[in-house]
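Engineer: For reference, the chains in residue letters:
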Amino acid sequence: MLDLHGYGPRLLEGAGVTLQLAVLSLALAILLGLATASARMSRGWLLQRLATLYTTVIRGVPDLVLMMLLFFGGQMALNVITDALYDRFGVDWYVNLNAFAAGVITIGFIFGAYMGETFRGAFMAVDAGQIEAGKAYGMSPWLVFRRIRFPQMMRHALPGISNNWMVLLKTTALVSVIGLSDMVRVAAEASRATHEPFTFLLPVAAAYLLIASVSEWLFAWLQKRYNIGFGGH
Amino acid sequence: MDVLTTWFHDLMAGNAIFTAQTIGYYWDGLVTTTQLVFLSLVIGLVLAVPLAIGRSSDRRWISLPIYVYTYVFRGTPLLIQLYIIYYGVVFFDGIQETFLWPMLREAFYPALIAFTLNTAAYTTEIFRGAIKATARGEIEAARAYGMSDSLMMRRIILPSAFRRALPAYGNEVIFMLHASAIASVVTLMDLTGAARFIYARYYAPFEAFLFVAAIYLCLTFAILYFFRWLEKRLLAHLRPQS
Amino acid sequence: MKKLLTISILGAALAAGTAQARDYDHVRIGVDVPYEPMEYRGADGELTGFDIELGNALCAEIGVTCEWIEQEWDGIIPGLLARNYDAIMSSMSINDERRQTVLFSDSYITIPGAWFAPEGSELSEINEETLSGKSIGVQRGTTYDSYATDSYGRIATVNRYSTADDMVLDLQAQRLDIVFLEYVVGQATLLQSDEGDYHVVGEMVTEPAEYFGEGFGIAFRQRDEALAKRFNEALATLKADGTYDEIHERYFGEE
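Chains as they are written, first to last, in the numbering used here: chain R, 1 to 233; chain S, 234 to 475; chain D, 476 to 730.
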């Protein structure tokens with residue numbers, strides 16, 4: 001049996017951190033992605049430009065650099081705000097951007113840009129005739145979105161979401177560099193302390209493969225659900 | 234020229250962070266990043282072509298091991314692969330006495346190995362997809378001409394697969410550039426390593442990281458435009474005739 | 476203004492912020508662990524070391540409660556500015572570069588730096604000639620990093636590590652020829668280690684003053700002058716009543 005030198009519980013905790021981080025970032029990324037896609041398809045000139053700027057810049061800079069910028073720099077920026085509040089108004093509180101929050105925000109922010117592209121393509125793939133049919137039935141715009149555009153869009157967006165999720169999952173490993181104890185960091189620490197890198201790094205690699213395989217299966221199931229009525233797939 | 238040097242001098246004098254010395258670190262970092270990314274991409278590409286052909290093979294004893302390799306390297310974070318190789322090589326007893334050690338001792342080569350294996354895995358899958366998408370008609374035509382399998386691979390399937398793979402491969406190049414930022418965790422002074430050093434010394438996260446982000450952005454755009462240009466040239470025959 | 480407040484509050488909700496009073500009855504101190512014997516975990520897992528014991532004694536003297544918060548070195552000053560803690564007591568050398576960012580207490584100890592090499596190393600003294608082409612290990616962002624980079628960065632490779640542990644591992648793996656760090660830390664982690672033999676190369680390093688000259692101090696945010704003053708007064712008291720000497724003797728023996 002694998003001898004983890006007592007690091008077993010911490011590794012499990014680390015795996016929990018990795019999963020929480022990945023799921024929360026995904027949720028944020030989907031929200032940002034929907035917002036970006038709507039902005040890019042909106043008629044507002046400024047909104048369009050902003051959304052384009054966001055997706056271009058984010059996709060042009062390495063995740064790790066963005067993460068460090070936000071983790072180290074974001075806090076300083078927040079401090080300028082809270083210090084000003086204190087000096088001028090005596091409002092005394094501060095915001096503590098911990099490594100976990102910085103991780104979720106950065107990863108969510110990065111993948112929001114990718115999700116934006118995914119959703120934009122998917123919204124455009126929805127048959128305009130269906131939307132018109134919905135309107136003709138007297139549905140409100142919200143109802144059209146909920147009943148027609150969203151479910152139809154999801155059918156086209158799922159492969160892209162699944163892809164982004166797989167990349168996002170691996171990106172979470174980077175938080176170990178900014179000091180968050182995810183499973184990669186615990187494994188690296190344990191390898192150094194015990195001088196047995198393979199004992200810790202290989203099981204963690206296997207854990208990533210396991211999570212990836214389970215999610216692949218989950219996405220296949222979802223895809224099947226959203227494809228109901230389109231036969232053949 | 235004089236105007237330029239005075240301007241440069243004034244600019245440098247105005248701040249404590251962007252001195253000639255720190256600019257030098259960024260420059261060295263740019264050189265390291267470029268070398269690392271370029272070499273791993275070239276070697277990875279050379280590895281990926283035969284691997285992709287093997288992966289498309291009907292013989293399972295050839296295609297299965299390659300599938301396992303790409304699955305593992307694409308399914309796990311590059312950071313773990315880098316750790317395993319960087320820390321792992323040291324624990325082979327006596328590695329320090331072999332002829333390999335002068336290379337493996339430097340952080341550059343373990344990083345190069347990890348990056349190469351990683352990009353080769355992704356590129357293999359990209360090429361496999363492109364090979365699989367070869368039009369049936371092309372294959373049948375080649376057969377009708379009496380081409381052997383290897384000749385057909387060389388003359389028909391690979392050239393058209395390369396062209397089809399181009400957009401996806403361009404993405405992979407950008408991905409690799411961005412992924413290379415983790416080289417700094419194993420002491421390499423690449424672009425990100427330079428930024429981390431300058432940040433740790435002057436506690437100036439915005440200057441250190443925004444500057445380096447801008448460099449990466451420029452590099453990304455350069456790659457993007459290069460591949461667009463390449464696509465335009467190589468895929469000219471696929472564009473609708475006007 | 477309203478907008479700014481809304482944004483900040485939104486940020487607070489996102490980042491799970493907490494309010495903190497500015498007149499201290501509870502002081503959080505940032506520390507980079509392990510750095511034996513200055514700060515490390517004993518066999519029982521409890522935080523201990525010279526800094527920790529002196530810090531606790533200072534807090535007791537002032538009449539505040541102390542909480543130690545672990546932070547890796549390269550983020551330790553940003554962490555202070557970010558109010559993740561209120562002070563840093565982590566073998567931090569006082570120098571002008573840092574003084575621009577933080578406020579230092581009076582120096583509470585002076586410990587020299589030293590070069591450590593494995594047994595059998597050909598290095599017997601430290602100068603530009605002997606170090607030429609060698610790889611030097613330092614902890615990123617320390618005074619040792621700045622000094623090694625400025626003095627030997629052109630002729631040797633300087634490898635920077637996030638933690639002292641990483642650095643020692645690469646020295647053992649023979650990736651590094653020599654490391655440069657605080658003498659007492661090298662003594663605890665290298666000279667007294669079971670894995671391999673190490674020795675000090677050359678002299679103890681206490682010069683030049685712009686890097687090492689002023690000893691270690693407790694760092695505060697620049698606005699917290701009152702807090703720094705309380706620590707300085709307490710330090711003077713502990714030095715006068717013998718508490719300081721007693722702690723010093725426990726870690727470093729008789730002078």
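Just so you know, these hints were derived from the structure itself, not from any lab. By construction, the Cβ of each residue, glycine as well, lies at the ideal position given by its N, Cα and C atoms. Be aware that a few hints might be false.
What the hints assert, rightly or not - From chain D, some residues computed to sit far from chain S (all C-beta separations above 12 Å):
| no. | residue |
| --- | --- |
| 1 | Thr523 |
| 2 | Pro553 |
| 3 | Asp625 |
| 4 | Ile630 |
| 5 | Asp645 |
| 6 | Glu678 |
| 7 | Thr681 |
Unchecked claim - Here are a few chain S residues that sit away from chain R, every Cβ distance over 12 Å (derived from the structure):
| no. | residue |
| --- | --- |
| 8 | Arg292 |
| 9 | Phe306 |
| 10 | Leu312 |
| 11 | Tyr320 |
| 12 | Val323 |
| 13 | Phe324 |
| 14 | Lys365 |
| 15 | Ala414 |
| 16 | Leu424 |
| 17 | Ala428 |
| 18 | Leu443 |
| 19 | His470 |
To be verified - To give an idea of the interface, some chain D residues facing chain R are shown, with a C-beta separation under 10 Å as derived from the structure:
| no. | residue |
| --- | --- |
| 20 | Gly538 |
| 21 | Thr540 |
| 22 | Glu547 |
| 23 | Gly554 |
| 24 | Arg574 |
| 25 | Gln575 |
| 26 | Asp640 |
Engineer: Could you run down the list of hints and mark each one as holding or not?
Structural biologist: Cross-check of the supplied hints:
no.	hint	result
1	Thr523	holds, 27 Å
2	Pro553	violated, 6 Å
3	Asp625	violated, 9 Å
4	Ile630	holds, 14 Å
5	Asp645	violated, 7 Å
6	Glu678	holds, 25 Å
7	Thr681	holds, 21 Å
8	Arg292	holds, 25 Å
9	Phe306	violated, 10 Å
10	Leu312	violated, 4 Å
11	Tyr320	violated, 4 Å
12	Val323	violated, 8 Å
13	Phe324	violated, 6 Å
14	Lys365	holds, 17 Å
15	Ala414	violated, 4 Å
16	Leu424	violated, 8 Å
17	Ala428	violated, 7 Å
18	Leu443	violated, 7 Å
19	His470	holds, 26 Å
20	Gly538	violated, 22 Å
21	Thr540	violated, 19 Å
22	Glu547	holds, 5 Å
23	Gly554	holds, 8 Å
24	Arg574	violated, 18 Å
25	Gln575	violated, 14 Å
26	Asp640	holds, 5 Å
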